[in-house]
Amino acid sequence: MTGSLLEIERLSVSFGGLRVLDDIDLKLAPGDRLGLVGESGSGKSTLGLAILGLLVDTASVSGTIRFAGAALPIGDDRAMSAIRGGRIGFVYQDPMGGFSPIHTVGRHMHHAIAAAEPDISRRAARERAAALLAEVEIRDSAARLDDYPHQFSGGMLQRIMIASALAGNPQLLIADEPTTALDATTQANVLRLLDRIASARGMAVILITHDLGVVGRFCGDLAVLYCGNLVSLTTVARAMANPVHPYTRGLLDARPRLDEKPARLRTIGGVLPRAGAAGGGCAFEPRCALGRGVAICRNERPLLLANRSGDRVACHLAGAESEVAASC
Amino acid sequence: MLNLINITKSYPRKGLFGRGGEPARVVDDVSFSLQGGRTFGLIGESGSGKSTLARIALRLVDPTSGTVLYRGEDITGHAPSRLMAFRREVQPVFQSASGALDPRMRVAALLEQPLVIAGGMARSEREDRVAAALRAVELPADFTTRLPRTLSGGQRQRIGIARALITEPKVLILDEPVSALDVSVQAQILNLLKDIQQARGLSYLFIGHDLAVARFMCDEIAVLERGRLVERGPADQIVGSPDNAYTKGLLEASRWSDHRG
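Residue numbers (the working numbering), protein chains in the order written: chain X, 314 to 641; chain U, 61 to 321.
Keep in mind that the hints were calculated from the coordinates and are not lab data.
In this text, a Cβ means the ideal position worked out from N, Cα and C, and glycines have one as well.
Misleading hints may appear alongside valid ones.
Claimed, not checked - In silico DSSO-like cross-links for lysine-lysine, where the CA-CA straight-line distance does not exceed 30 angstroms:
| hint | chain 1 | residue 1 | chain 2 | residue 2 |
| --- | --- | --- | --- | --- |
| 1 | X | K574 | U | K308 |
| 2 | X | K574 | U | K254 |
| 3 | U | K254 | U | K230 |
| 4 | U | K308 | U | K254 |
| 5 | U | K230 | X | K574 |
Unchecked claim - Over 12 angstroms on every C-beta distance to chain U, these chain X residues come out as not near it, computed from the model:
| hint | residue |
| --- | --- |
| 6 | G344 |
| 7 | A383 |
| 8 | P431 |
| 9 | A438 |
| 10 | N612 |
| 11 | L616 |
| 12 | R621 |
| 13 | G623 |
As the list claims (entries may be wrong) - Every beta carbon over 12 angstroms from chain X, so not counted as near; a handful from chain U, in silico:
| hint | residue |
| --- | --- |
| 14 | T112 |
| 15 | F154 |
| 16 | A160 |
| 17 | A192 |
| 18 | D303 |
Modelling step: build the complete structure from the supplied sequences, incorporating the hints.
Laid out in structure tokens, this is it:
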């Protein structure tokens with residue numbers, strides 16, 4: 314995470330005075346895979362949209378986002394739309410909703426290709442569309458350009474959406490819950506495919522999801538958002554083996570496991586507070602197994618600080634917890 | 061409690077000019093039974109026929125052939141008028157509680173609606189039932205005045221469960237009840253469903269696609285592939301050491317997204 318492809322500095326986003334992203338710092342090197350994880354309402358999708366310059370006009374944004382060395386022209390719609398669909402690609406959850414039912418897949422692909430390369434000939438665009446569909450492993454790709462979205466399964470449509478996101482040869486792909494609507498087998502297939510494509514192209518990926526499990530085999534780094542705050546930035550391997558932040562631990566523990574059957578699942582008590590509702594302390598304090606009622610957690614906002622392993626964690630008690638974990 | 065015997069469901073395939081081909085079989089000769097106080101899991105992917113089976117078990121859809129027994133009685137051919145008791149005792153909980161809840165109705169009205177439709181219950185008794193159902197799903201009593209859109213996904217699913225409980229059923233048909241929820245909320249709802257089952261001795265038919273969730277919830281699991289049952293057995297065995305190739309594939313896919321797998 315040394316930066317240079319994407320550098321987000323002190324990014325804050327508010328809607329009508331409600332702060333949904335608070336002072337986010339995040340860096341991505343070329344080819345990095347970052348999992349951006351949080352519950353609904355954590356601000357994870359807002360962060361994705363901010364990088365894409367897709368926030369609504371009523372959002373007030375401060376801070377900077379630098380991409381490939383230059384500040385992103387946030388607020389300049391024309392300039393942003395050239396980057397979006399070009400050097401930054403975007404894939405989202407609902408493959409069915411992403412395609413107009415009355416246009417062929419070829420026309421959707423042509424649209425994406427022409428956006429990235431306005432002077433391309435029809436014929437070259439069609440060849441390129443077929444090549445992109447082949448890259449996402451749609452068989453008979455040239456012939457299938459003439460088919461309509463309803464003639465494809467959900468998993469295939471998700472792959473076609475990935476193909477259209479690749480039209481501009483992006484250096485960064487932002488994938489917002491790309492597999493949440495899919496079956497387990499299809500989900501695994503789409504992630505494997507994305508894995509191969511990203512490796513082959515050296516493309517960086519930000520995978521936005523509520524499910525830590527999805528991040529497991531796909532991402533190298535993990536950023537956890539809670540209530541608009543970045544609470545933990547670690548490698549996935551370290552987060553899975555020994556999650557330092559109590560919220561990350563809570564998310565991991567809540568997941569049912571294949572290899573054991575507990576009488577009850579461990580849960581994170583309470584609900585995510587509304588954006589901007591947190592007082593002066595740690596936003597997670599009221600739900601925290603470790604810090605609930607602890608004076609410092611209630612009164613002081615924890616800073617995102619580097620620990621000995623090089624991870625960054627915003628928790629007053631994170632050190633205490635690793636000691637507990639070590640003695641067990 | 062509930063037996064489905066040799067259930068087949070096929071739909072006519074309509075050609076362009078109304079000429080039918082071979083009918084499409086979405087459920088093919090499936091049998092299983094739900095024991096009192098236990099959870100039977102039907103696991104499959106989209107297109108496996110699991111939701112069609114849920115609708116047949118709820119008697120919302122007629123099977124093409126086969127028999128549905130409820131407490132030993134053949135209810136397959138029963139007219140709606142003879143299904144009143146069955147409808148009270150066998151209740152559904154669906155994946156998308158928001159889709160099942162009328163956005164204009166407040167929680168109290170949503171919850172008492174099944175009782176109003178059944179009729180014959182005094183207002184005060186209905187209010188007592190509503191209060192009890194909210195307690196059962198661990199929501200505050202003042203939620204009666206809330207509108208669905210003011211609720212979180214997890215709270216909406218709790219209302220969906222409360223609504224299923226309002227008629228004091230014996231069986232719940234849980235059709236992907238946590239698939240649309242965040243992992244953290246999913247754990248709360250699964251625990252809640254287990255608590256309710258224990259407290260009330262309910263039987264569950266649990267329909268889903270996630271083997272890890274199924275292992276936690278179910279005593280027995282049956283795996284559906286394209287309308288056919290390909291493997292069944294105790295949950296621990298199916299998830300721990302499946303025999304069938306399709307089940308193995310599902311398990312492998314689940315491991316791929318299992319964080320420690």
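Going down the list of hints, with the structure as the test:
Annotation: proposed proximity of K574 of chain X to K308 of chain U holds, straight-line Cα distance about 19 angstroms (limit 30 angstroms). For a cut-off of 30 angstroms, the pair hint linking K574 of chain X to K254 of chain U stands: about 13 angstroms separates their Cα positions. The straight-line distance between the Cα atoms of K254 of chain U and K230 of chain U is roughly 14 angstroms, inside the 30 angstroms bound, and the hint therefore holds. A distance of roughly 27 angstroms separates the Cα atoms of K308 of chain U and K254 of chain U; the hinted pair therefore holds under the 30 angstroms criterion.
About 25 angstroms separates the Cα atoms of K230 of chain U and K574 of chain X, which keeps this hinted pair within 30 angstroms; it holds. Here G344 of chain X stays apart from chain U, with its beta-carbon at least about 21 angstroms from theirs, past the 12 angstroms limit. Consistency note on A383 of chain X: stated as away from chain U, and its beta-carbon is indeed over 12 angstroms from all of that chain's, at 36 angstroms minimum. Residue placement check: P431 of chain X keeps its beta carbon more than 12 angstroms from all beta carbons of chain U (closest about 38 angstroms).
Its beta-carbon lying about 32 angstroms from the closest one in chain U, A438 of chain X satisfies the requirement of being farther than 12 angstroms from that chain. With a closest Cβ-Cβ approach of about 25 angstroms to chain U, N612 of chain X is found to remain outside the 12 angstroms limit, as its non-interface label requires. Every CB of chain U is more than 12 angstroms from the CB of L616 of chain X (nearest about 24 angstroms), matching its label as outside the interface. Listed as outside the interface, R621 of chain X is consistent with that label: its C-beta sits roughly 23 angstroms from the nearest C-beta of chain U, beyond the 12 angstroms cut-off.
Distance check for G623 of chain X against chain U: the nearest CB is about 21 angstroms away, which clears 12 angstroms, and the non-interface claim stands. Every C-beta of chain X lies more than 12 angstroms from that of T112 of chain U, the closest at about 16 angstroms, which supports listing it as non-interface. The beta carbon of F154 of chain U is kept farther than 12 angstroms from every beta carbon of chain X, the shortest such distance being approximately 16 angstroms. For A160 of chain U, the condition that its CB be more than 12 angstroms from all CB atoms of chain X holds, with the nearest at approximately 19 angstroms.
The non-interface label for A192 of chain U is consistent with chain X: the shortest C-beta to C-beta separation is roughly 23 angstroms, beyond 12 angstroms. Every CB of chain X lies more than 12 angstroms from the CB of D303 of chain U, the least distance being 17 angstroms, so the non-interface label holds.
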